[in-house]
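Enquirer: Going down the list, the sequences are from chains D and R.
Taken in order, the first sequence gives residues 1 to 378; the numbers are from this note's numbering.
Taken in order, the second sequence gives residues 1 to 291; the numbers are from this note's numbering.
Simulated from the structure, these hints should not be mistaken for lab results.
Idealized CB from N, CA, C, for every residue including glycine.
Be aware that one or more of the hints could be misleading.
Straight-line alpha carbon distances no greater than 20 angstroms define the calculated SDA-like cross-link-like pairs of lysine to any residue that follow [claimed, not checked]:
hint: 1; chain 1: D; residue 1: LYS257; chain 2: D; residue 2: SER220
hint: 2; chain 1: D; residue 1: LYS104; chain 2: R; residue 2: PRO208
hint: 3; chain 1: R; residue 1: LYS118; chain 2: R; residue 2: ALA182
hint: 4; chain 1: R; residue 1: LYS118; chain 2: D; residue 2: ASN19
hint: 5; chain 1: D; residue 1: LYS257; chain 2: D; residue 2: ARG226
hint: 6; chain 1: D; residue 1: LYS104; chain 2: R; residue 2: LYS118
hint: 7; chain 1: R; residue 1: LYS118; chain 2: D; residue 2: GLY276
hint: 8; chain 1: R; residue 1: LYS118; chain 2: D; residue 2: GLN57
Simulated restraints on C-beta separations [what the hints assert, rightly or not]:
hint: 9; chain 1: D; residue 1: VAL112; chain 2: R; residue 2: ALA134; range: 34 to 40 angstroms
hint: 10; chain 1: D; residue 1: ARG214; chain 2: R; residue 2: PRO109; range: 37 to 43 angstroms
hint: 11; chain 1: D; residue 1: SER86; chain 2: R; residue 2: GLY272; range: 47 to 53 angstroms
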Amino acid sequence: MTSSTFLNIQGLSVGYGRNAVLSGIDLELGQGEFIALLGSSGCGKTTLLRTLAGFMQPSSGRILVAGRDITHNPPERRDMALVFQSYALWPHMSVRQNVGYGLKVRGIPRSVIGARVDEVLTMLGLDGLGDRPVTALSGGQRQRVALGRALAIAPQILLLDEPLSNLDARIRLTVRHEIRSLQQRLGITAVHVTHDREEAMVMADRIVILNQGRIEQVGSPEELYRHPASAFVATFLGADNVIRLHAETEASTLFLKGDALAGGAGVVPRPEHLTGYRGPVQAHFRSDEAEIVSGSSNGAGIELLGIVKHASYPGGIWRHAVAVGDEEILVDAKNSHAQGANVRIRIPADALFVFPAEAATQSEMNELQRGGATQAAA
Amino acid sequence: MSSSVLNTPALPSSTATHLTTWLPSRALRLLLRGLALGLLAFAVFGPLLNMLLWTVAESWFFPNKLPSAYGFAYWGRVFSPRGNAVESLVNSVSIAVGVVVLSLSLAIPAGYALARLKLPMRSLVLLMFLVPQAFPNLPVYMNIARLFYDVGLNGTYLGVVLVHTVHGLVYAIWIATAAFAAVDHALEEAARISGAGPLRTFSDITLPLAMPGLMASAVFVFLESLDEFTATFFVGAPEVNTLPLLLYTASAGGNYQIASITALILLVPSIGFMLVVERLLRADVLAKVGQ
Chain D
1 MTSSTFLNIQ GLSVGYGRNA VLSGIDLELG QGEFIALLGS SGCGKTTLLR
51 TLAGFMQPSS GRILVAGRDI THNPPERRDM ALVFQSYALW PHMSVRQNVG
101 YGLKVRGIPR SVIGARVDEV LTMLGLDGLG DRPVTALSGG QRQRVALGRA
151 LAIAPQILLL DEPLSNLDAR IRLTVRHEIR SLQQRLGITA VHVTHDREEA
201 MVMADRIVIL NQGRIEQVGS PEELYRHPAS AFVATFLGAD NVIRLHAETE
251 ASTLFLKGDA LAGGAGVVPR PEHLTGYRGP VQAHFRSDEA EIVSGSSNGA
301 GIELLGIVKH ASYPGGIWRH AVAVGDEEIL VDAKNSHAQG ANVRIRIPAD
351 ALFVFPAEAA TQSEMNELQR GGATQAAA
Chain R
1 MSSSVLNTPA LPSSTATHLT TWLPSRALRL LLRGLALGLL AFAVFGPLLN
51 MLLWTVAESW FFPNKLPSAY GFAYWGRVFS PRGNAVESLV NSVSIAVGVV
101 VLSLSLAIPA GYALARLKLP MRSLVLLMFL VPQAFPNLPV YMNIARLFYD
151 VGLNGTYLGV VLVHTVHGLV YAIWIATAAF AAVDHALEEA ARISGAGPLR
201 TFSDITLPLA MPGLMASAVF VFLESLDEFT ATFFVGAPEV NTLPLLLYTA
251 SAGGNYQIAS ITALILLVPS IGFMLVVERL LRADVLAKVG Q
């Protein structure tokens, strides 16, 4: 991504006993880059962070910082800072002592520590709280102290372990931007672990999506959102409406067939990863990118026929549960459509993400193959 | 539907009868509770009161219900240069301090290691420390005395300190383990990533946070040593004289005044320290004892 690689993770595998938690992670971060590790719980994102911090030893692979191998350095010799999910502030120390501890253990003179701590407290809006015990602070203030403690030592790399998950929803939104702007201002390379998709999208330069200990996809938020590389990424980033179809490719065109489609067929441009593919596919799309249309319309895309099961109003738009064949999908629309109404749903080609079918049941697979076979015979 | 209609008129009368039976039963319960508490208080404080009376009784002969003369003459005798109470007190306290130092210097590393062990292993090791307590005291101490006699530890302060430590170590390790286990591991990790090495982390973070629990275990060990009798009797007597031994000799000789005054001297630090322990041992530490 960036011209110079600052943090380089090469073939990293980590396990507890014989259970591999991470296998073969390769990742490069540029200096000053903000990376979010995104995934559901148990995907290995926290393990990756803890391995970077030195709390866990990899079974294989290397971690390089500015070309220096730190794989086997203890945590105190990595020049990294970590903001813990629980904040892990020391209850027997004041705010000032918590923030200044990293400087104290580095043997920095007390006067310098005092000035630096004041600077950090001011930067985080904690003026006047320095002499309070950390146990007397609110959740938001504790979070700032934890961040202050991490930033006080001016680390090369800042690790964030779901630091916002214990905050109220409203505070969380402001703290997101604060952390991001601080990180940009100080030019620190940051690795942020989260399971919150929006948080990752808003804060990070690049997002790493982890699934079962492997990297599914790395890219900018928009790249991942617009061009998910796998069904997992598509689902994880909100494209969780799934329609099973049969696909055939010809040059740069993808022919889709299925009973759910209006006219039994649809044509969209072929994505890169389906070159020469022929067989069952699953088509993903987001409920807010599909629209309920009257009559056919032009422009690249596919159209589905369905029956409205029920409609609800979560605010701003109407959300319709629509039965399409055996499957049920959610479609947002400005106006409500009555229960039982036959509707035509249009999905623009650039909002449709098609992947080879993976989790289809055997009967569905058979049906799709039969459809394909008939097609081939004809 | 119909049953609720039937029930409705019956309701007020049932509450009325409930009220009338409720009042005397409540008074009775209060009375019983008061009686039980009174009995408990008597069981706990009655002997203590008797002991207090004995400490200030100049003469108290059968069949008098109360002493016939009061005074502090025996206090003078206990603390006179000829009486050996002061020597015993100094002995008892210095032995107890020695035991605390030795127990804690063993219990701190052991407790820390045990606290970071996985749970089943930890329980097993802790149980092992409890095993000596399962045997009757007398045979154990008799054998220790026999062994100490062979190596020349019998009748020495070191011997008494060692045998008290064996006894006090169980409490020390159990409480120290609980105190260290109550320290969130993330707090130590936070110190490590902040730049502190393992030793610095232990002295700056782990030890201060576990300190209240460790102090509590020190108090327990101190008190255990202070009124330990059996082991001191076998290993220490007659060269090493402690307050419990003095108490034993005095009361065996029918000198109840001296015995009571000695007992009072033993009681004061016990009660004082118990109050300290009660403040030091937080619920989260207590919850981890033996886990």
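Enquirer: Evaluate each hint against the coordinates.
Expert: Hints versus structure:
1. D/LYS257 with D/SER220: The hint is violated at about 32 angstroms.
2. D/LYS104 with R/PRO208: holds (17 angstroms)
3. R/LYS118 with R/ALA182: holds (14 angstroms)
4. R/LYS118 with D/ASN19: holds (18 angstroms)
5. D/LYS257 with D/ARG226: violated (23 angstroms)
6. D/LYS104 with R/LYS118: violated (33 angstroms)
7. R/LYS118 with D/GLY276: violated (54 angstroms)
8. R/LYS118 with D/GLN57: holds (19 angstroms)
9. D/VAL112 with R/ALA134: 34 to 40 angstroms: violated (58 angstroms)
10. D/ARG214 with R/PRO109: 37 to 43 angstroms: Between D/ARG214 and R/PRO109, where Cβ atoms are some 41 angstroms apart, the hint holds.
11. D/SER86 with R/GLY272: 47 to 53 angstroms: violated (37 angstroms)
Hint compliance for this structure: hints 1, 5, 6, 7, 9, 11 are broken, all remaining hints hold.
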